[in-house]
Amino acid sequence: MWKKKLKRIIRTLKGISIGKFSDTLFFECELYKAISSNVCDLGRIRSLLENGADPDERSSNGNTSLHKAVLLENIAAIKLLLAYNANLFIKNKKGKTPYDLSQEKTLVKDLFANDKKIHRKVEVQALSHKYERRKAKSCKTYS
Numbered sequence: 000m001w002k003k004k005l006k007r008i009i010r011t012l013k014g015i016s017i018g019k020f021s022d023t024l025f026f027e028c029e030l031y032k033a034i035s036s037n038v039c040d041l042g043r044i045r046s047l048l049e050n051g052a053d054p055d056e057r058s059s060n061g062n063t064s065l066h067k068a069v070l071l072e073n074i075a076a077i078k079l080l081l082a083y084n085a086n087l088f089i090k091n092k093k094g095k096t097p098y099d100l101s102q103e104k105t106l107v108k109d110l111f112a113n114d115k116k117i118h119r120k121v122e123v124q125a126l127s128h129k130y131e132r133r134k135a136k137s138c139k140t141y142s
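For what it's worth, numbering that gives the first Met the number 0 labels the leading residue of the sequence shown as 0, then goes sequentially.
Bear in mind the hints are in silico, worked out from the structure with no lab data behind them.
Worth double-checking, as some hints may not be accurate.
To be verified - Just the calculated beta-carbon pair ranges, DEER-fashion:
| no. | residue 1 | residue 2 | range |
| --- | --- | --- | --- |
| 1 | K134 | D40 | 32 to 40 Å |
| 2 | K3 | K129 | 43 to 51 Å |
| 3 | R43 | K134 | 34 to 42 Å |
| 4 | A125 | G61 | 17 to 25 Å |
| 5 | K3 | G42 | 42 to 50 Å |
| 6 | A82 | K2 | 43 to 51 Å |
| 7 | T105 | A125 | 16 to 24 Å |
| 8 | K4 | T105 | 20 to 28 Å |
| 9 | K104 | N37 | 14 to 22 Å |
| 10 | S127 | L106 | 18 to 26 Å |
| 11 | G61 | D114 | 21 to 29 Å |
| 12 | R132 | K2 | 44 to 52 Å |
| 13 | Q102 | G61 | 13 to 21 Å |
| 14 | G94 | K3 | 33 to 41 Å |
Said to hold, decoys possible - Pairs of lysine to any residue, SDA-like flavour, derived with a Cα cap of 25 Å:
| no. | residue 1 | residue 2 |
| --- | --- | --- |
| 15 | K136 | K108 |
| 16 | K78 | V38 |
| 17 | K90 | A135 |
| 18 | K104 | L79 |
| 19 | K129 | G61 |
| 20 | K92 | K116 |
| 21 | K129 | Y98 |
| 22 | K78 | Y98 |
| 23 | K78 | E29 |
| 24 | K78 | R43 |
| 25 | K136 | K115 |
| 26 | K2 | L48 |
| 27 | K120 | E49 |
| 28 | K90 | C138 |
| 29 | K78 | V123 |
| 30 | K120 | R132 |
| 31 | K92 | G61 |
| 32 | K78 | K108 |
| 33 | K95 | E122 |
| 34 | K92 | K134 |
| 35 | K32 | K78 |
| 36 | K90 | K116 |
| 37 | K32 | L48 |
| 38 | K4 | V38 |
| 39 | K134 | V123 |
| 40 | K104 | N60 |
On a predicted model such as this, the values are computed, not experimentally measured, just so you know.
Each residue gets a CB set at the ideal place from its N, CA and C atoms; glycine is no exception.
With the sequences and hints as input, model every part of the structure.
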């Protein structure tokens, strides 16, 4: 009985990148792990981003590295991820974006409001996000 279940699981997992799974299963992508670690190594995060790590790659719960950095209120990591164009408006499985989560975190909310460079990035992404949503709605209307 258990052998059949195991074979079915193995067939299901064939071809799936294990790096996409969260710590609840196997492991997360390297960037997510670097931000999640107790000792956040910004040099490692920068190196991963410079070498092509996707700042918008998701864990199994739908969180991106930016979700994690916001939850941990890791201001330096947030700034670095935004410098590499991490998306503030990707929803996790609970329907929350990093921007939504930032409204519950005083340090991050202050960063987004008071740091001019970051505030500008937030505004640009918000406008872009609204535009994309409107565009998607209008496409559905005409289909």
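Legend entry - Those earlier numbered hints the structure runs against, lowest number first: Checked against the structure, the hints that fail are numbers 8, 15, 20, 25, 26, 38, while the rest are satisfied.
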